[in-house]
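> Sequence:
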Amino acid sequence: MPFEHFQKIFCPGSVAFVGASNNLKTAGTPLFLSILAAGYKQPIYPVHPVEKEIFGIKAYSSILDIPETPDLVIFVVHHDILIKLLKECGQKGIKQAVVITAGYNETGSRGRAKEKQLLNAAGRYGIRFIGPNCIGVLNPWHHFNCTWFPYTHQPGHMGIISQSGSFVTQMLPFLAGLGVGVSKGVSVGNQSNTDTEECLEYFGCDEQTRAIALYLEGLKRPRAFFEIAGKIAQKKPVVVYYVGGTEAGARAGISHTGMLAGKDELMDGLFKHAGVLRAPDSETLFHWAGAMSLLPPMKGNRVAIIGNSGGPGAAFADCAQRSGLVIPVFSQKLQSRIKGIIANIGSAKNPIDMTMDLNIDSLMKILPKIVIESGEVDGILHYGFFGPIHHEVKLSLLDKKIRDLARFEKDPFPAYEKAAKALCALSVKHHFPIISASFHGGYDPCQSILRNNGIPVMPCPEKAAQTLGAMWRYTAIRQNTKSISL
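Numbering (the numbering used here), first residue to last: -12 to 473.
Check each hint, because a few of them may be wrong.
[As the list claims (entries may be wrong)] Using 25 Å as the maximum straight-line C-alpha spacing, the simulated SDA-like pairs for lysine to any residue come out as follows:
1) LYS356 with ARG289
2) LYS39 with GLY26
3) LYS101 with TYR112
4) LYS416 with ILE389
5) LYS352 with ARG309
If you are wondering where the hints come from, they were derived from the structure by calculation, not from laboratory data.
I would like the entire structure built from these sequences, with the hints used as guidance.
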């Protein structure tokens, strides 16, 4: 698909929407409301044969009645009337569409015949479209969200290309919890007119996208995919979660989107050859791509581990080494500086173990600063109690008399907040990757400060170490891999 078609799909100057109504139970209404909730600032034209207004917005009985030629039309209608509507688009001069409608190739021989008719009709009128059988597109930078779920986080730099609608919609709250913002997202559906490979090429050129997350069930053009992915991997990371490698996964993919999949061993080798990072599960897909969209790249594989507990530090070290990272013993000069900061029973060699020392300034500011400025490492894995919330929870479980006696004289949160922001500032100032881990879960407000200011916080040390390891592998790919030609 030419670049200008993609631009009008992801950054439309005006949108026609066919399939929304004032009935919340109709399939198109939630998507229409998502567009409104996103704060889309351009004209939107709902089309309905009966309704005069849809949620207060003037509706039109026909596409031909719209007072301008919209950049994009979105269809959430029964497939039996779609060919007629495409003809109206052709007469109106509309050249881009998103077809949410299902019931095509994924349903068998009759569906395949209908999809061929759809493709022929679009070709007759020069219309390029995403879908069918998709959940839409997303561009937070343009305040445009044509998916089922609302987008509540700030725009970011991770692009999502998915052969499942859920990975562009239902995971939005999960990504917001990680502090990962999306640049653009697309559910490709059956890829009748626009395939994964074309979307990947567009995302590779998109300046707002720093890392690409791909959910794949199969490939329509494998050679093109690996050639495109190999070129993009020289500029930005491409992370894939591929589920078509087993017999069960391939069978599910055929019934879901009609995709045929390749054997696991073959695809794994091709991903590696192209410089594409393969994630083992969906959570890891977004951990890796999300971190790479937030953090500066690793320049080498030397890592410092800083924490106030020995167990997580050991878990960091073990998993980091298994992930291709090196945990060097610090120089005597650096160790001497560290020993002047931590308790006598702590360890200064690497990992740095503060041994339950809860000095938040040491953990979040002083130690990271001297380690970064030493030049002895290329990244930091960071663990600790990031806020006073555990004490607040404990207080809530105590009798009132004890609770009153055990309260802090001064609210400690501002100090934790200041320290967390200082750690984020260090990462930005020195262009230095830092990943934190905490078992505290989402109830710790200091984690949100880190995440919303560019430092990922993983749910355990192993996830953090694996993510930093993936970042190093991508650096190695860029250093060693040339353009792929298959």
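> So, for every hint listed, does it hold in this structure?
Checked hints:
1. For a cut-off of 25 Å, the pair hint linking LYS356 to ARG289 stands: about 16 Å separates their Cα positions.
2. For the suggested pair LYS39 and GLY26, the alpha carbons sit about 22 Å apart, so the restraint of at most 25 Å is met.
3. With a C-alpha separation of about 17 Å, the suggested pair LYS101 and TYR112 falls inside the 25 Å cut-off, and the hint holds.
4. Between LYS416 and ILE389 the CA atoms are separated by roughly 44 Å; this puts the pair beyond 25 Å, and the hint is violated.
5. For the hint linking LYS352 to ARG309, the alpha-carbon distance of about 28 Å lies beyond 25 Å, and the restraint is violated.
Checked against the numbered hints given earlier, this structure breaks hints 4, 5; the rest are met.
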